[in-house]
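S.K.: Chains as they are written, first to last, in the working numbering: chain X, 1358 to 1799; chain V, 13 to 193.
Careful, some of the hints might be misleading.
Under the rule of at most 20 Å between Cα atoms (straight-line distance), these lysine to aspartate or glutamate pairs were calculated in the EDC-like manner [to be verified]:
1. V:Lys-167 with X:Asp-1529
2. X:Lys-1479 with V:Asp-74
3. X:Lys-1729 with X:Asp-1487
4. X:Lys-1636 with X:Glu-1680
5. V:Lys-105 with X:Glu-1700
6. X:Lys-1795 with V:Asp-116
7. V:Lys-167 with V:Asp-157
8. V:Lys-167 with X:Glu-1536
9. V:Lys-105 with X:Glu-1796
10. V:Lys-167 with X:Glu-1438
11. V:Lys-167 with X:Glu-1445
12. V:Lys-121 with V:Glu-177
13. X:Lys-1729 with X:Glu-1700
Simulated from the structure, these hints should not be mistaken for laboratory data.
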Amino acid sequence: MAKVVHEIRDPIHVFIRLDSDERRVLDSSPFQRLRHIHQLGLTSLVYPGATHRRFEHSLGVMELAGRVFDVITHPDAVTDEIRQLVPEVAKENERQYWRRVIRMAALCHDIGHLPFSHAAEKELLPAEWDHERLTCALIESQEMKEIWQNVTPPLRPADIVKLAVGPGKAPDLNFSVWEGILSEIITNDAFGVDRMDYLLRDSCHTGVAYGKFDHYRLIDTLRILPSPPTGGDEEPGEPALGVEEGGLHSAEALLLARYFMFSQVYFHPIRRAYDIHLKDFLAMWLPGGRFQTDLNRHLQTTDNEVMAAILDAARDPRRTGHEHARRIVSHEHFRVLYARNPEDLAKNIEAGEAVYKSAKDQFGAEHVRHDKSPGEGGASDFPVRLKDGRVVSSLSVSDVLGKIPAAAFECVFVSREREADAKKWLQKNREKILSAPKEDEV
Amino acid sequence: MNRIQRLAIITRLMDCLDEKGSWCGETHIQKAAYFLQELLRVPIGCQFVLYKYGPFSFDLRDELTAMRADGVVQLCLQPPPYGPSLRTTELAKRIQGQCPKTLDKYGEKIAFAADRLGNKGVSELERLATALYVTREAEHGASVDDRAARIRQVKPHVPIDQARESVEWLDKIAEEADQAV
Chain X
1358 MAKVVHEIRD PIHVFIRLDS DERRVLDSSP FQRLRHIHQL GLTSLVYPGA THRRFEHSLG
1418 VMELAGRVFD VITHPDAVTD EIRQLVPEVA KENERQYWRR VIRMAALCHD IGHLPFSHAA
1478 EKELLPAEWD HERLTCALIE SQEMKEIWQN VTPPLRPADI VKLAVGPGKA PDLNFSVWEG
1538 ILSEIITNDA FGVDRMDYLL RDSCHTGVAY GKFDHYRLID TLRILPSPPT GGDEEPGEPA
1598 LGVEEGGLHS AEALLLARYF MFSQVYFHPI RRAYDIHLKD FLAMWLPGGR FQTDLNRHLQ
1658 TTDNEVMAAI LDAARDPRRT GHEHARRIVS HEHFRVLYAR NPEDLAKNIE AGEAVYKSAK
1718 DQFGAEHVRH DKSPGEGGAS DFPVRLKDGR VVSSLSVSDV LGKIPAAAFE CVFVSREREA
1778 DAKKWLQKNR EKILSAPKED EV
Chain V
13 MNRIQRLAII TRLMDCLDEK GSWCGETHIQ KAAYFLQELL RVPIGCQFVL YKYGPFSFDL
73 RDELTAMRAD GVVQLCLQPP PYGPSLRTTE LAKRIQGQCP KTLDKYGEKI AFAADRLGNK
133 GVSELERLAT ALYVTREAEH GASVDDRAAR IRQVKPHVPI DQARESVEWL DKIAEEADQA
193 V
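Put together the whole structure using the sequences plus the hints.
M.R.: Quick look at the structure:
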């Protein structure tokens, strides 16, 4: 007899179980491609253990999404108030349908990722495109539609799209309150399961222990709760994903883990420098300097093809992109000339940009690069149900959350050939460069 | 519009909301920014979708996070059960000082939005901003009843009489905005 439940061993969740319909998604070409997309791009050049792929992350997200769904829709966890606001939660047929949808959405949430994940997304896709849009297109592709149609009952591709990318990346779709909450299970800024899995997994593979937190406790205490009131308005707000008081410390631990992982790993300057060299290489190597949005081409392009081209180009000076490939392969990345700091930001909010422009003028565009990520995380506001039944803002009861800074990154990099000169030049001209521009000069 | 000009506008809006007695939480800023961009045509470059408490901009949410990281705004924590307020810092004042032309150009519109919305709570802002959203979505000349029905469709928890009142309020404000700014 054919197996109906399939088990996959996983370093984070021990066993991930999936049914035969989910197995068909796993066997599809968009999902199998994720075996060849590194979760953290070229991070393994800095943290050698970080060679894990989007494939196992996506399985982990599915596992966690199913667990969270079961916890927050369990009849004992849902109050009458919530049943009234979100009636779907109490209808068993709806519940079963959406449980399937959320697990499928979780499986598929990353299938649109480009080679090396986020490294080259912004600059190398046509305007208006990002990996989420590719994800949506793949979920609605013929190959995947056939899978959705053969599930009992059939799944609507638009429902999977909604939960996979959330309202921020599906602006043309209207989300009901219920759909909004379910999409939060995957994409929620504070404790979406995408974030939970990548923090735990990236922490495990990089060897950076800061990313760990008690996700078992956190998941067990997640609830659908009315949003707490804001001053001058005593009415409870729209339902959202929140936690019981007993899970607050786990939520705090997750948000601290996020801050530390961003500071230590995702914003590691050398890792970012390699991303720049990768982008420079791809801009020269890709036809027309951009990734194509044609789905077949997308499915045929993985880290493997790109890495083979980088190795080739690094060996042969006549090859396109040789210089950038060589810097990656020989570890001759650009060095940090300038890093953002609060003192300079207080003088000039665009301090990094000012240093970049001046350095480029001084040393030539080929020797200077700028990289910026404006702000991630920080204090998260979500509902917390206290032991006495009141629902309050997390920030009003946590001693920790309000103090977690948003992690931000900005660096100006310079080639090794110009590093010494550039550092002297910056020291000499720093005050002049950082003076705040007038409105017309911006 | 560049980032410094956008920051000058958003922080001035926050200051004006504050002066008018607004709680100035993220939702208050989101809805006021929506009116500023879509009713008063101040190009702050945010895309709004129908989400939490009506129209919501993920771009603006990210910008507010970046502004916190840069020290342009800060959180003011409130006692339970309330959510936090956001207040501008000294750096925000300096940024506004850098952009006199931008604030001269849009100052009246910012003051108008703050004046009409500063005294409103989140539930009312949700209804009013959703009224603007459905009005922009509807064909020109759509009746109050049609638009109120549409509000009920997208926000089922809003009672029909409040939905109707919100559309009527919006029509009045839109007329005033045309005349005043």
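S.K.: Any hints from earlier that this structure breaks? Give me their numbers in increasing order, please.
M.R.: Checked against the structure, the only hint that fails is number 12, while the rest are satisfied.
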